[in-house]
Every structure is written in C-alpha cells, then in structure tokens.
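Undergrad: Spelled out from the first residue to the last, the chains are:
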Amino acid sequence: MEVPILRQGEFLIATIQAALTDNDLYALRTKLFEYVVRSRALGIIIDVTALDILDSFGTRTLSEMALMCRLRGAETVIVGVQPEVAFTMVQLGLTLEGVTTALDLEEGLALLGRRAKLLKR
Amino acid sequence: MTEDIFVPINSDMDIVTARQSGRTMATELGFQGTDLTLIATAISELARNIVRYASHGEIHLQALGNNNGKRGLLVEARDEGPGIPNIVQAMQDGFSTSGGLGLGLPGTRRLMDEFEIASAPETGTTIRVRKWVRSSR
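Chains as they are written, first to last, in numbering that gives the first Met the number 0: chain V, 0 to 120; chain R, 0 to 136.
Looking at chain R on its own, in the form it has when it is part of the complex:
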C-alpha cells in the first residue's frame, strides 16, 4: 500500500512541492493523463488557500481502496487559520474575500469526484477531496 504523504504548507514554494507530490502519488495509484492534471491543479488551489488565508497548514495525501478493488486518492487540506465565515458564499463562483478570482473552492469541487468542507473559527478549516481511478473499459 502506498504510504501517506504529509506536506507542510508555509510558503508559495510548498504549493509547488504539494502538487508535485500529489502528481507522483496519483501516477503510482494508476491515474492517467488529464486526471493527473486535474488532481495537481486541485492540490495547488487548496494549498494556495492555506498560504493566503491561514499562512500555515498541511496537505495530507492518502491512497484509497475499497472492497470492489476501486482505487483513489484522498487530498486533505488542513489549517488552523481563521476559518471560513460563510461556506455557502465561499462555494459560489466569483466570490472572494482576497481579491482573487473566487474560483478556488467551487473550481476545485468541479475538478474532483468528492468534496467535503468543515470550517470553524476555533478549529480552522479542513477540506477533503477524493478522486477515483476510472476503470479502463
């Protein structure tokens, strides 16, 4: 089983490290072509959110497998930053509190198969996204 990878996120250089680690792990898990780019881009968006809003955090990459032999990748972005005051708003295209394009979160959801978000001022923000390897048939 592929071992979990933890990438500390403290600066813009770590964003590059995180997405490259994610691409490598996704390749090992059997993802191909466009899926590798979708995963790397999603990790880039999540890691940048950490740098921009929380300054520090972590990207956790984990291999997934279920009973049907389905394989996948979990990306967990975790920080202890200020939290997201209004998640519904933050998930809308074009909404941004930082002068960005406001596509980070809603865009990331479109790139991945599953998306979960939990955020509170006391605990920070945790976003979990998953993508499953498509069967070759």
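Okay, chain V solo, but in the shape it has when bound:
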C-alpha cells in the first residue's frame, strides 16, 4: 500500500490510508526523505488517522523519519493519532522522539505555518 505524498506550498503531506506493512513503512521513510531533499520542504505532516495501531516498529520508523528530515531543516508533525492508539503506545512504553504532534491536519498545518514564519523573520 503506497502512501501518497502531496505538496502544499513549503510543506509535504503524507496521508496513510490503510494498515501498512513494515516494508511499506520503510518505503514511506525513503520516499518522504527523497521528497524533502528534492523539494527543500520546511515541514512534513504525516496523517495517521487511518492507522488502527502504532506498535514499536511503526513508532521507531516514524521517529527515525522525523530525525532524518530535521537534519535537513524540515520539521515533522504527526497528526491524527487515535485515542486508543495513544493509550496503547504509552502502555507499551513508546514515545515519538523528535516528533511534534497535532490533533489534525488543520492544526498541524497551522503549527508548521507559525514555525516557517519565525524562520523567515
């Protein structure tokens, strides 16, 4: 299941639409990082609303993706973590290191917009 990546101004939006296998997640990480390098994007939104779980592998892969992109000057915001998923992640002991979170796509874009404005001052 390939994850579409859309460009909106200085930002990239990746919307996960169904359950992903480990290889799908690796593919997303590679593709997104290539996009970041090529597009000089300032921010990335990863929408995980459709994910019914985030286990240790998924969390680690998202974290690594965000850390790689940060080294290229792009901030990653994860949006749409479902309440049951959030509860389970904490029980498992998972933290999304290096990643900013926001409630939904709109909030995520607003957050990235404020950050981009600060950078340009």
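Just so you know, not all the hints are guaranteed correct.
A partial selection of chain R residues facing chain V, derived with a Cβ cut-off under 10 Å [stated by the list, open to error]:
#1 R47
#2 G99
#3 L102
#4 P105
#5 R109
These are calculated hints, taken from the structure and not from any lab test.
The beta carbon of each residue, even a glycine, is placed where N, CA and C say it ideally should be.
Given chain V's structure and the hints, the job is docking chain R onto it.
TA: What follows is chain R alone, placed relative to chain V:
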C-alpha cells in the same frame, strides 16, 4: 463457540493479517474500544518477533471461557527459531539483541492480562498471552 484461528507467520504482511484476525475475533468475543487496540498491538509485537528472530512461525488465536461465564482470548505465538538465551534479560525494558527498542516483550506483557513464555534452543519459543473481557458494570 468461536473457532480457533491459525495464522502462519512468514513475512511482514502476515503480521498485518494476524493482528487483523485477532481484532476481528476479539470483537466477536465482546471486547470493546481500547482493549481491541491493546490486543491487536500485542499480536503485532509477537508476530514481528517471529519474523525477526525465527523467520517462520504461527499465531494461534483461541476463544476462552470459564465456569463463571468469563470470556477471553488466548494468543499463542509459536516458532522453532533459535530460542531466547536469557529470558529475564529479554523481559527488561530497553533490552534488544536486534537493534530494536527492546519494548516488544515487556510492553506486550503490560498490554495483556496474563503472559507466559517458554523458550529453548532445541524447541524454539512459545509465548502465550491472555486477555479477559471486562464486565460492563
């Protein structure tokens, strides 16, 4: 009675199949909301351990019922891989031999109600976890 489900685990795609089968069965058994996510996540962790450490194995899902009318789900993850050399160590948060986060086994124990593990180099690893449906009162 809900029939047992056996999901062969040979690749990362089977991890998704196993956790989706588990969620479906848990829903049939009367689990709700967060419990469904806890069960699906536990199955995902157990199935990934099979792929990562043993390459091949099986997830067995079984409905449980006791005399008091309590219902539950048993998840058994079985492989004939190399076994876990030091179970005490493997059950500690942050310990990993594969470069992972080391949260798989101790984390899975926290997600479920009961947890049993047996492992030996000759026979491989079998992990049994159970969760019970919470009474609605």
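Undergrad: Checking each numbered hint in turn, tell me which of them this model violates, lowest number first.
TA: Violated: none.
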